[in-house]
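First to last, the sequence lines map onto chains Y and B. Our numbering applies: residue 1 is where the first sequence begins, and numbers increase by one. Our numbering applies: residue 1 is where the second sequence begins, and numbers increase by one.
Everything labelled a hint here was simulated from the structure, so no lab data went into it. Positions of the beta carbon are idealized from the N, C-alpha and C atoms, including for glycine. Where hints are given, some of them may not hold.
Claimed, not checked - In silico lysine-lysine, DSS-like type, Cα no more than 27 Å apart, as pairs:
{"no.": "1", "chain 1": "B", "residue 1": "K91", "chain 2": "Y", "residue 2": "K45"}
{"no.": "2", "chain 1": "Y", "residue 1": "K41", "chain 2": "B", "residue 2": "K63"}
{"no.": "3", "chain 1": "B", "residue 1": "K127", "chain 2": "Y", "residue 2": "K3"}
{"no.": "4", "chain 1": "B", "residue 1": "K91", "chain 2": "Y", "residue 2": "K117"}
{"no.": "5", "chain 1": "B", "residue 1": "K127", "chain 2": "Y", "residue 2": "K38"}
Claimed, not checked - So these bits of chain B aren't anywhere near chain Y, every CB distance computed over 12 Å:
{"no.": "6", "residue": "I15"}
{"no.": "7", "residue": "K91"}
{"no.": "8", "residue": "E131"}
{"no.": "9", "residue": "L132"}
{"no.": "10", "residue": "T134"}
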Amino acid sequence: MKKIVSTVLKVSGGAAIGFINGFFGGGGGMLCVPLLEKVLKTETKKAHATAIMIILPISIASAIAYIFNGYADWGATAISSVGVTAGGAVGALLLNKLKSVWVGVVFAVIMIAAGVKLLF
Amino acid sequence: MITVLLIIIGILGGIIGGMGMGGGTLLIPLLTIFTGMEQHAAQALNLIAFIPMSAVALGIHIKNKLVDFKTVLPIALPAAAAGVAASYLSKLTGARALSRYFGLFLTLLGIYQLITAIINVVREHKKRRQELLTVRAPKRSEISGSLD
């Protein structure tokens, strides 16, 4: 791929990812992985890991904005963060060992169910 | 009770997030549906909780040489700017409306994810069958050898 095309894709893709991640407080990774994997042809596991590296600075920037706007519930955040961090380590180890094809199917069904519930 | 629920929801979101599969897209609806947390607060919680989680996950991924550093900056810089702007736009959106938009986003992502996942399952299945066939098919030398 020509360098200029690749740069345009990265910058515009990045802006879209950042917008979604800031507006919905998450979900940027779900767009970042296909951008890396399908568009920029990064290998699957690398795409997943690199997406986290990209979402980290975006999440810090957006988190600061949310905190300024008074949305942080520190008690609940502290408790959940312990679970999230422990789960995150498990997930990262699993990514390098587990075949995640069926995880993907189960996760997709949960997402659709939750999405439909929130819509109505 | 709410503490246990918050930890369990956190672990589930963390596992999916650590795999780079969008833990927040699971964590946020679990929080609003099962703990009744307000949409903006759940989104803020996810953004904050993601920071220590991703630091730990990244430590593991970097050790496993899975992070492609040269693509990070050109994507992350415009993303951070857009992220801050969108955070303020989200403040202007009411909780109920934001929750509905989030539901729509989640449903669309889920459908995309399901299609991708099914394609992967089928591909995996085909690959395995192909490998079995390759193993079973006798080599030419073996056939001619048995004829001698």
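Violating hint indices (sorted, rising): Checked against the structure, the hints that fail are numbers 1, 3, 6, 7, while the rest are satisfied.
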